[in-house]
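Those sequence lines, one after another, are chains X and V. Here the first sequence is numbered in numbering that gives the first Met the number 0, starting from 0 and rising by one per residue. Here the second sequence is numbered in numbering that gives the first Met the number 0, starting from 0 and rising by one per residue.
Just so you know, not all the hints are guaranteed correct.
Claimed, not checked - Pairs of lysine-lysine, DSSO-like flavour, derived with a Cα cap of 30 Å:
#1 X:Lys75 - V:Lys22
#2 V:Lys78 - V:Lys22
#3 V:Lys131 - V:Lys78
#4 V:Lys22 - V:Lys131
#5 X:Lys22 - V:Lys78
#6 V:Lys22 - X:Lys78
#7 X:Lys75 - X:Lys131
#8 V:Lys131 - V:Lys75
#9 X:Lys78 - V:Lys131
#10 X:Lys131 - X:Lys78
#11 V:Lys75 - X:Lys22
To be verified - Covered stretches of chain X (chain V as the covering partner; in silico rule of three or more C-beta atoms under 8 Å from a C-beta of chain V):
#12 34-48
#13 69-81
#14 84-91
Unchecked claim - Far from chain X, by Cβ distances over 10 Å, these chain V residues were calculated:
#15 Arg42
#16 Glu43
#17 Arg115
#18 Ala127
#19 Pro130
In case anyone wonders, no lab produced these hints; they're calculated from the structure. Every residue gets a Cβ at the ideal spot worked out from N, C-alpha and C, and that includes glycine.
Here is what each chain is made of, one letter per residue.
Number of protein chains: 2
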Amino acid sequence: MTVHPGCPFCEGPGGRVVFEGAKVRVIHAEEVGFPAFYRVIWREHAPEFSDLDAADRVLCMEAVTVVEQCLREQLKPTKINLAALGNMVPHLHWHVIARFEWDSHFPSPFWAAAQRAAPVDRVADVQALLPKLEAEMVRRLALLQD
Amino acid sequence: MTVHPGCPFCEGPGGRVVFEGAKVRVIHAEEVGFPAFYRVIWREHAPEFSDLDAADRVLCMEAVTVVEQCLREQLKPTKINLAALGNMVPHLHWHVIARFEWDSHFPSPFWAAAQRAAPVDRVADVQALLPKLEAEMVRRLALLQD
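Looking at chain X on its own, in the form it has when it is part of the complex (with noise of 0.2 Å):
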């Protein structure tokens, strides 16, 4: 695998690693407010979806899918987010984030100004589901073909 000499992504896992497959490792974001925000990281560094090949592409999506139903199924959130932007960063990876109602920036994006402070109860809730979510998040991206 090619190493870009400066990319995060690259150079380093970029975040609490939950899984690391062939293709695709799972981090959790660790971003304050949001407890349950993933990524999805392309391993090879490839600044667009677009330039993974078809197969790849769905083997990327399925991984984003399985963090998605993850967090749908334990965590009843209010809606899933996902984004690959990279424009600072351009290696692709997916953000998978869990929004609620209460949490600081609801409705607007995450990358929009936040709205009030998030409820710390609320997110130490949701931290506390976070292994058994995870556990069971390992376990379908495993059986992923990658």
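With chain X's structure known, arrange chain V on it following the hints.
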């Protein structure tokens, strides 16, 4: 196709229609200062990406990929941004945005605060390329199994 009352993507096209297939619609979003901002809207009302079955997820992302590839080939943007958020309109739609170093927000996301005014001549240059770009986009979208 079930129409959800009050849903803008069930009750209307949601923008200038570029392509209408059996399952996906592509519209030009007409966001000021972002001349190459398209949305791939799943025609059936589905809040989340993982509400689609595996075959439909592939079709949906192949449509997103066609839009992305046409933007890349014909506009050479600095970056493509992809996002499915839906906090305000929970009907699956993918934002596909060509981003440029000169645009009003770069490198921040579209949803963050503007950093500058978009130069009108650069915006006009991109707009002039859209008819050819959209003709090619429609040609390729029609080839998908939709």
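Hint numbers not upheld by this structure, sorted from lowest to highest: 9
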